[in-house]
Every structure is written in structure tokens, then in C-alpha cells.
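In this text, residue positions in the sequence shown follow my numbering: the first is 2, and each later residue adds one.
These aren't lab readings, by the way, just hints derived from the structure by calculation. Honestly, I wouldn't trust all of these hints.
Derived pair list, reagent style BS3-like, types lysine-lysine, alpha-carbon separation capped at 27 Å [stated by the list, open to error]:
#1 Lys34 x Lys187
#2 Lys766 x Lys748
#3 Lys748 x Lys897
#4 Lys441 x Lys302
#5 Lys979 x Lys991
#6 Lys61 x Lys175
#7 Lys441 x Lys330
#8 Lys286 x Lys199
#9 Lys174 x Lys210
#10 Lys140 x Lys34
#11 Lys939 x Lys1076
#12 Lys441 x Lys673
#13 Lys746 x Lys703
#14 Lys210 x Lys302
#15 Lys398 x Lys443
#16 Lys662 x Lys730
#17 Lys748 x Lys690
#18 Lys330 x Lys302
#19 Lys140 x Lys61
#20 Lys398 x Lys302
#21 Lys673 x Lys748
#22 Lys90 x Lys61
#23 Lys286 x Lys257
#24 Lys1076 x Lys979
#25 Lys257 x Lys175
#26 Lys1060 x Lys1076
#27 Lys703 x Lys766
#28 Lys199 x Lys175
#29 Lys917 x Lys174
#30 Lys443 x Lys673
#31 Lys198 x Lys210
#32 Lys934 x Lys883
If you anchor each label on the Cβ, the simulated ranges turn out as follows [claimed, not checked]:
#33 Gln122 x Glu38: 28 to 36 Å
#34 Glu435 x Lys198: 51 to 59 Å
#35 Glu627 x Asn745: 50 to 58 Å
#36 Leu250 x Asp520: 42 to 50 Å
Backbone N, C-alpha and C define an ideal beta-carbon position, used for all residues, glycine too.
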Amino acid sequence: MLIYIFHYAPPNLISTEQRHSAEEVFLNFRKLKSPYELCNQILESNTNDYIIFEAVGLIKIALIREWPSLSQTNISSVRDYLLNYVISKPNLPPYVKGCILQVIAIIIKRGSVNDSGQARQTILGQVENLIMTGDLPRKLLGCNLISAIIQEYIINFKSTNIGLTWETHFIEKKIFQTGDLKRIFKFCIGVVDELIKKDLQEDSITFLKQLLPILENVLEDVRESLNCVPLEIDKDWQDVMLVPAVLDLMFTLYWKIRENPQLAHHVRTCLIQMANLSSSEMQFKEIEMQYFTNYMERFLKFITSINIIDEEANGIANIIKKLFTSFRKKFCSLPSDMLKTFLEQMSRLTYMFLENAAQEESLSIGECLYTEALDALFDAWLYILSEKDLFSSEFFKQTFIQIFSIYLRCHLSPPEGIRTIEDKDLEKEELDNEIADKDKFKEHLQIIGIFGRQIPNYTLPLLAQLIEDRIFKLRENLNKLVEQVESFNTMKNDSLPRLYEDIHWLVLMIGNILCMESDGELALIPTEIMTYDMEQVQQGKVDMNLTLQFLASSENISSPIDISIESVDHVIRLVASIFRLCAIEKTAMSVLSNSILSPELSCTIIWFLNKWSLHYLLSIEYHYLEISLTFLHTFGDNTPGALWATNFLLEKIEFNINAFKSEPAVMDETIKLLISLVSGPKKANYVLKSERFGHIINLATKGQHDFPQVVKRGLMQAIIQVAITVQNKIDQSYWIQTLQPLLNKFKQITSNENFLQCYHQEEIKIQVIDILEYFIGVSQGARGSEIGLLYQYMQSILRELPNLISLYHNYQDIVQLILELLFECTNGPEPVLRGLTETEATQVSEIYLSAIQNYARCNINRLTIDSTAEEDSYQDILLLMKLLTNLLCENILQDKTVFLHGLTIIMPMMTTDLLKFPCLCLYYFQMIMSLCKHGPQKVIDLSSELLQPLLASVELGLFSFGQEVSMLCCNIIEILTKRIFQNIQDNRPKSQIMAPFLNLLITVILTHHIDSNFISNVCTSLYYLIRCYPDEYNRIVQNILSTQSDQQVVQRLADAFTKLTENMNFHSKHDYRDKKRFRNYFDEFICNVQGIHHERNFLSIIDACFCHSKRSKTETFL
């Protein structure tokens, strides 16, 4: 009946009280002391699976808890009984059987500490006999027990906390690995060897399903324990792992079961692990080389004799990758015929996987088996490139040509290509949640780019010819559309989408060949491209005049190219093609509807222009050992080409903003290009000299309300950043031209005598939002500068923000923008509001304080949280916390009054309901952490009205919101108690505010109210708490001991607590040694006290104290 109530009874039939009563029975059952006889009776007399499961679980709890007080005879009898019980009950459900086997494994591991593994060896002998002589159920049971034993020694999240220190865990694991784990491996290999000598029947396949995971786990365990990639085999395993017979066995086994997916993946994993072996000891190098040769021989025999099954592609590719990881330097020592065959097969597989991956892409298959396999093969090719001196360069050139050609063919439409992807709807090319090709296939494109740079004499002319051909066809099609408007629909649905897709992929490939990934790094022209370009010049294959003419002709799209392209620099030829594409796009926009253009292609083009400008435009000579004169003469400093290119790019940016403002992806890439052009002094100078930059300023200052947020902010950021970058060339007139129009517009709105009556009108709100967005861009662009002249403009806006918060308090979008502007002015390593004079700092402090006060006044009743609301609904609170943290951390305001006032606002708002939102919760505790780090004494000195809820929230955070928050709370406790400890050392008054945490941390350790993975994080916090409050610590210990009537338990607890603080000098001013000693004792203390059986009255007292402490503080917090 209790089980029915606890698990199955519907709420309408069983009351809450009845359910709680049933739960209490089970909880009390788990607290019984020495329950072995009772559990024995239950197992013998009961047939209810859940009750049997509970009884076995109780045995496990009691064994761990009472182990030190149990005799070896009692422990052995429990182990033997459970083993016999599970053998005699073949029909037990898996979850019950698994629990029994886990208990047996725990007894084996815990007992091995005292008997040096003798019992384990005896049990393994019995299990081996069970497997060799038993029927199928017993064979499976034996395999399951071996797996359970291995699991307990692996030490991961599935392993049981059995009351051993980590040091003891690792010692026992090492002993197990060098002895019995090796024995298990050899035994399983022998069993498999017998099984594959004949045809596999159904029973044998069922047996292998349990046996193969053991081999897989053994190999994985050895690798993880040594923390080595590749798996480094020591001398204890040489005679098992490196013998040819084991390789023969595993490859033969895979031959037999490769079409059985339930078995094959285990063997593939084993083969991958076995391809990842090595030895660091010199005397084994010869054995290792022989092993590598043996493995390679069997692997080549396998892959040359089969047709690849889809499911095994990734495994085969990973074997190849692991061979390079483990034996990279040894490839040159292989027999030449073997190495040649291997590279040929690797090439063949790459070609095949490329084509199959393209097919997966075209069919939108969810499980991309060949795409994943291709990732591993590409990694292997990168290994080869890093050691290309070891291999024949001619072979690789031909291979890379083939790989590049196949990849290119797979992404072009017929007749040159084989792409079968359905044509895209030009009006719905990219969904907001769809990943762009440049990001989705980023890694593959980068590797194809690397391959392409190895063979530039092949790839650059080929890509130039292909893109020029597609651009010519695009120009023809668009001309026809102009001439025959009635053919628009036909053309739109036929040739244009395929042309756009072809050009899109060609531009992606060109960009990844000419440029390397440079996120966070200096963007440099790839060495291979630089070398190739210089060689072309030295060989007289480049005519500089024709090259410049060809580049200039890219803007003339009215007639075909009439220049001898054979003498044009190949890189410039490709770049000119992209410029020509931009010109065609612009012309088409002026004549036809913008719906005829491809936003995806436009996004790819602007992406390319950004990468190209970072690498090639105004290259800095001293960054290179050698630099091509072609690049210097075309786009170098003090050349007409540099200014022409800058004008071209700015014009393209302006065109995109006007033509594609409704396309978020295009706008993102466009603004990235604009920001990159003003990020360095050289390019910024050219931007300022450009005649097109005035158009960019006009876009920002003329107030076009339909621009997206990223454009409004990005335009203003660029306008300010270019001035900051070239400060010595900027005077007052620049700010009058760029910022004064926005200020005038703002003053015109806010100073209007009817503003208070019409502020809510949509037209006024839109204008206010625009100005806030633009000034957020100003604050982002001004980072890193001395505020100087900018302050008068920023201050004029900032001082009006408190009033706007009051006025627009019911419009959350505007309130958030105001808070975001205040935040951005303090954000970044060098925020705009740094380096203020004392007068300016006072003004800013008053502004921020007024803004926070007004926000608080308008949100005074915001204490009820809608449980159905999304986290985005509380972005204003998140912004306020970020703003306060910046004010605390950055060198902006020395006076922390603003922060402390903000804290009084945040604290009442941060209820437990609000803390359930992960981002808000994490940032709240990060804010408290920052406060404690930057001013622990200020926290200690806070008023009780503010300090009490703050500490209550820290207590709540210890247990309620996950590991990251728990660690923050532990750090907060540590910082504050360490400060109190320092005060004591300096003979200052000792604060008692942290004393309750001492009882709390000890309680949670004793009562398991805290995750075992987190316990070690409380070590330093507990250390400083004990140092600060030694008398309180002694009282807590005495209270705990007084609740126990069992003198044996009392003594064990007393010993554990005494050992924890052994030799600790509470009066010493140097705590380093004590803290180090405490850490060493803490792990042992945890194991000792958590293994002690606590009587029920003790648990009730402790739980009551714990719950009362949490309840009282949390109620205050709420």
C-alpha cells in the first residue's frame, strides 16, 4: 500500500498527508542502524521489486556508513550473500540487479584498502568461472558485475562516494589498473577469441553486447587515468596491448559484426583507442614501431577490401586521425609501399566523404555521418601539412587539387558542378534562426582555404575564371530583365537563384583562400599567398599597369572586360571581380526592384570585403619579412588605390544600409566592415579623407527612423571612433558636425513646452529612442579616449536621463535604453566616463544617483514577480546590476554612494522567484562578489537592514541555484571571513555577522544537504570561519556530540573534529601553514564524518536547526 501511495496513487485519491506519511516511512527506513538481518528477511520473503530495491539500497547506505565498525567476516558474508542471491534470481529486473551488483562492487573496492585486493581477485575468479561455465543469463550477469567493478574504480559521476579520500581513491585505482584491470582485459580478449572461431549465433551476439563494452571501458579507463592523448602504455601493459594477436582479434571481430550496429560501434571505439597508443620509454620504441606497422597493415587490408557503411565512416576517419596523433613522426619509417597505399586510401576516402557530405547537405539529413567523418579526415590532413617535410610534396599537390576540385564541384550547379540543393526563394533566403553558410561550414571552408593556398597556381586562376563567368551571366540576365520586364517571373525562378548560389559559394571559397581567420589576432596576408604573388612578379607574369587598369575597370559594368587577363595579378583579379559584383548589384538596385537581389549573396560579399580590407588594405610593411610589391603599389599607403578602395568600401556600406536595412545579417556584416575601417590609425586617416565619409555622417545625423538598432549604434560608433583614433586631426568643428545635430534635436524635443503633454505620442517616442540609440553608439565608440571635448556633449544628454526615466517609466523599452546608455558609459576596459575631473565626477555621480532614485521610485511596488514572464522581461534589472558593478569596479567614481544606494534598490527586488532566472541570478551574485572583493570592510559595516538580506541571499545561493552560484557564495563567505580574520589580527573589533555560516557549513556537511562534488569548495570558507570563531566552533562540536548516545559514534565524531583543527594556532598572524594543513585534513574529515551513523534525534535536531536557519534568513531576504 505504501508503495502504491508513494509512486502510483493519483492526487484525487490520496491526500497530501497520506503521501507525506508514506514518504516518511521510506526515509526513516533508510536511517535504520545495522539493518542487515532485516534486509536479509526482506530479500528472502518479498517479491515486490521496489521493496527489494529499497532493501538493497539500505544495505549500501549502511555499509558505507558503518564500515569502520564492521568485522571482515560480516562484510564478507554480506558480499557473498548478495552474490549468491543475484545469481539465484535470474528474473530480477535490471534496475534491481544493477543495484545489487553495485553494492558488491562497493564492498570489493572498499575492502581492497585493507586486504590489498585479495577479495577482489577471489571474486574475479568466481566471475570468470561463472562466465566460462554458466548458461547465458549467468554469463551476462558476470559481465555486468565486471562492469560494475570497473565503474567503481573509474571515479566519475557514476562512481559511488564510499568514504575514501581522493588520495586513497587514486592509489586503489592505480593498483587495480596495473593488476586486475589487465587481468579483466586478457580474460575478455580470450573469451572473444573463442567466440569468433565459429559462426556467431543469437546467444553469442547477446553475450557480446555485454562483453564488448567491458573492453571499451578498459581502454577508455586507461587513457583517462593517464590523462594522455595519445594513450601512453606503460611496461605493465606492453605484453597485452602491443601484441599482434590482439590486433588480429579485434579486426577479425569487426569483420564479422560490422553490419550489426549494436555491436559494431563498441569494436570501432576499441579500434580507435588502439590506434591511439604510444610509449614514452625509449626501450619500447622499437616495439611501438612494430605495433604501428602491424596496425597499419591490418587497417589497410580492411579498408581496401570493403565498401564503407555509412555508420562506420566516422569511426574509420577517427582511426586515421588517431594514427597521426600517436605516430606522426613514425610515418616516414613505414615501408614506402605501405605509406603510399595509406595516403592513397586516405585520399580516396576524403574524396568519397566529400561527395557524400554534400549529398547529406542537399538532402538536409539530420544525422550528418559523412560530415562528421570529414571533420576527422580534415584534421588528419592538417597533421600532414604540419609535417609536410616528411612527405612527397608532388603527391600532396595532386591530392589537394583533387580535394579542392571535388569540394568546388559539390557546391556549384551543373554543368560544372553537381549541386542538387533546391533553389532558394530570394524573398525568404535566410530565416532569422537559420545559420549562415559562412558560419555553418566555417571549419570546412577554412580547411579548404588552407588546401587552396598550397596550390595557388591552380586555385586562383580557376576561381577567377569561374567567378568571372558567373558574373558575366548575371550581368546578361539582369540586362534581359531590364529589357523585358514581362520575363521577370520566369527568370527569377530559373537562372538567377542558381547563379546567386554559385557566386555565394565562390566568394566564400575565395575569401577563405586569400584570408586566414584572425579573430582577436593581427590580420596578416597568408604566407603562401604572399610567396606566390612575389614569385609571379619575379617570373615576369604580372604587368602592374594592366593589373591597375583591370582593377579600375571593375566599376565599369556597361561593357565586357577588354584587358589581357593573362598578365593581371591573380589576387587582384579575384578582388576586382568582387568589386565588379558590387557595382552590378548597385546598378541593378537603381534600375530594378530590390527584391531581385539576393540578401544572402550581399551578406557574403560584405563579409568578404571586411576580411579582405583587414588583410590587404593598407598593409603595414614591418609586419612581414617580405611583402609583395603588387600589394603595396595597389592598396598600400600613399597610393591612389588605397583611397579609391576606401571610397569604394564606404559607398558599399552606404548602399547596403539603404538597400538591405530589413536584412539583419547583411546589416551586421556591413557595420562590422565600417567599424573595422576606423579601428586602426592608417585606415581611419583614409576614412576621414574620403569624400564618401560625409555620406556616412549624414546617415547618422539626418534621423532616419527606419534604420535597425545595429545600424544606428554602429554608425555613431564609427563616427566617434574614427575621431578618437586620429585625435590630433580632429577639431571642434568635427563634433559640431557630428554630435551637435543630435543634441539640437534632443533639446528641441525635451525643451518643447508641450513635451510633458505629448511625450507619449508615437512620433515623439520614436525620436527619443533614436537619440538614445545613437548616443549608445557614441559611448561605445568613445571607449579608450580621454573624454575631453566629448564630455560637454555627453553631459548634456546624461543630465536629462533621470527625468526621462520618470517620464517614461511605463515604457520598458525606453527605460531599458536609458539604463543601457548609462551602462555603456561605464562599460569596457577604458569606459568613456573615465579620467573625469573632480567637478565632472561630482556631476556624473549626481546624475547616476538621480537616475537610480527615479528608477526606484517608479518601481517601488515591483515586488510581485509574474511566474509566467520570460527572463527578457527583467532586462532593466539586469542592466541596473551591470551598471552598479561597473561603478564599483571601474575607476570612475571614487565615492561608492551610488552603488550602495543602488544596492538598496536591488535587494528588495531580488526575490527567490526572480533568482530562478539563471542570468539574473548569476549576475546578482557576481555583483555581490564584486562588492566584497572591492570593499569587504564596507560590506561588514553595512547597516543591518541591508546586510541581513544580503547574507540571507548568500545562504540561499549556497544550495539553490547550481554549482557556479554556490562557488560564488563560498567565495563571498571566504572574502568576508578573511577580512574579519585580518581585523582580529590587527586588534580591531571582531564582527559576528559571519558566525551563523559556521554552524550552517558544518551542518550541511554532516547531513548531506550539499552535493558531494561541491563540498571541497567550502574548505577555505570553513577554515576562516573556524579561525574567526573558535569558541563558537567548540560549542557547535559539543552540541553535536551531546546529541549522540552511542559512545562509539561520539568518539569517532570527536576524533574527526579534533583532527580537523589539529596543530592549528588560533593566535598566529601567519595562517599559510595552518591553511595548507587544514586543506590536507579536510578531505579526510569529510570521509570520516559522512560515514558515521547519526541517531534519529541528532538528525532531527540538526535538520531543525538547518531548516530554521534557512527559513528565518530567507524570510528576511524575501
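Numbers of unmet hints, in rising order: Violated: hints 1, 3, 4, 7, 8, 10, 16, 17, 21, 23, 25, 28, 29.
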